[in-house]
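Novice: Sequence:
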Amino acid sequence: MTIKKQPFGTTPDGDTATLWTIENTSGLSLGICDWGATIVSVKQPDKAGRLDEIILGFDDASRYLSTEGYLGATCGRFANRIASGKFSLGGKEYQLNCNDGPNHLHGGEKGYNARTWEAAPYSEGNRSGVVFTLISPDGEENYPGELRISADYALDEQGRLFMDFKGVSNKPTIINITNHAYWNLAGAGSGSILNHLLKVHASGYLPVDETAIPTGEILSVEGTAFDFRDVKPISREFDHCMVIDGENGEVRVAVEVRDPVSGRKLTLYTDRPGVQLYTGNFLQGTPFQKNGGFCLEPQDFPDAPNRPGFPPVVLQPGKTYHHRSMIEFSNQ
Numbered sequence: 308m309t310i311k312k313q314p315f316g317t318t319p320d321g322d323t324a325t326l327w328t329i330e331n332t333s334g335l336s337l338g339i340c341d342w343g344a345t346i347v348s349v350k351q352p353d354k355a356g357r358l359d360e361i362i363l364g365f366d367d368a369s370r371y372l373s374t375e376g377y378l379g380a381t382c383g384r385f386a387n388r389i390a391s392g393k394f395s396l397g398g399k400e401y402q403l404n405c406n407d408g409p410n411h412l413h414g415g416e417k418g419y420n421a422r423t424w425e426a427a428p429y430s431e432g433n434r435s436g437v438v439f440t441l442i443s444p445d446g447e448e449n450y451p452g453e454l455r456i457s458a459d460y461a462l463d464e465q466g467r468l469f470m471d472f473k474g475v476s477n478k479p480t481i482i483n484i485t486n487h488a489y490w491n492l493a494g495a496g497s498g499s500i501l502n503h504l505l506k507v508h509a510s511g512y513l514p515v516d517e518t519a520i521p522t523g524e525i526l527s528v529e530g531t532a533f534d535f536r537d538v539k540p541i542s543r544e545f546d547h548c549m550v551i552d553g554e555n556g557e558v559r560v561a562v563e564v565r566d567p568v569s570g571r572k573l574t575l576y577t578d579r580p581g582v583q584l585y586t587g588n589f590l591q592g593t594p595f596q597k598n599g600g601f602c603l604e605p606q607d608f609p610d611a612p613n614r615p616g617f618p619p620v621v622l623q624p625g626k627t628y629h630h631r632s633m634i635e636f637s638n639q
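Numbers given in the working numbering equal positions in the sequence shown, counted from 1, plus 307.
Take these hints with a grain of salt, some might be off.
Unchecked claim - Below, in silico cross-link-like pairs of lysine-lysine (BS3-like), each with a Cα-Cα straight-line distance of 25 angstroms or less:
id	residue 1	residue 2
1	K350	K626
2	K506	K478
3	K354	K572
4	K393	K417
5	K399	K506
Calculated directly from the structure, the hints in this document are not laboratory data.
Computed from a prediction, not measured in an experiment: that's the story for all the values here.
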């Protein structure tokens with residue numbers, strides 16, 4: 308394993324962003340930046356040994372500032388949407404900033420994707436990574452509580468990318484952290500991902516209203532376009548939360564995706580109850596084409612603070628939020 312550090316452009320605060328590149332002996336590499344704790348690069352050999360970039364990203368931090376879409380970023384304090392930006396906690400109603408039409412999305416106007424994180428690279432055995440840390444002040448984006456958060460991204464010799472998020476707060480708050488990487492297993496910029504082969508270990512999904520807020524129901528995928536329990540091409544656009552089979556809090560296989568031409572495959576494991584399946588429906592207007600990448604965002608359910616029937620997302624003082632996900636890369 309090797310880990311290298313280099314400058315990566317300038318942040319809006321005038322600081323120099325830093326990129327760390329980690330590579331294993333099989334040629335798989337991971338590039339991660341302290342601006343937004345962002346995955347900017349994953350390069351993977353295909354079944355013939357050809358190395359390609361499989362993440363949509365840029366070669367300079369400043370490009371991320373002017374492009375919408377949360378490319379590769381760590382999203383929080385609450386990833387995905389909260390209806391009208393409102394929730395109640397401890398008998399008090401909070402009004403968050405609404406940055407997605409009538410709703411709050413991915414932490415608001417200045418979420419964790421738009422912050423410089425402290426970074427500490429490390430190597431342990433056959434695994435190397437970077438632990439990013441951030442202090443989110445009480446009242447930031449109108450969230451209650453000072454939240455101390457870490458995002459640990461690591462690569463190992465077995466071809467696995469580990470994503471480990473932790474948080475502690477001095478007041479009751481809500482929390483939901485994810486990563487928003489866009490993948491194209493045929494190679495970034497190679498075209499649409501709608502021909503990728505998808506399997507989702509989910510018997511249910513969350514239907515949404517016209518503003519992409521869950522209705523509160525959990526519906527069966529049986530007989531719907533959301534049924535990917537058997538492998539089939541993605542074929543159409545999605546921006547929905549899939550309800551992953553198995554026990555919430557236990558790491559289990561969630562999603563498998565393969566490019567039929569290159570043979571590249573990724574398998575996502577997570578301990579979260581849901582994975583947002585997003586097919587890059589709004590990438591037009593960026594340097595990337597519509598449907599040029601797909602996102603698999605392991606997370607708690609959208610709008611969970613307002614849905615008592617959804618798994619709880621409140622973090623109490625003295626407790627630790629801990630989200631564990633892992634992506635395994637292979638060829639088939």
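Novice: Which earlier hints turn out false for this structure, listed by number in ascending order?
Specialist: 1, 2, 5
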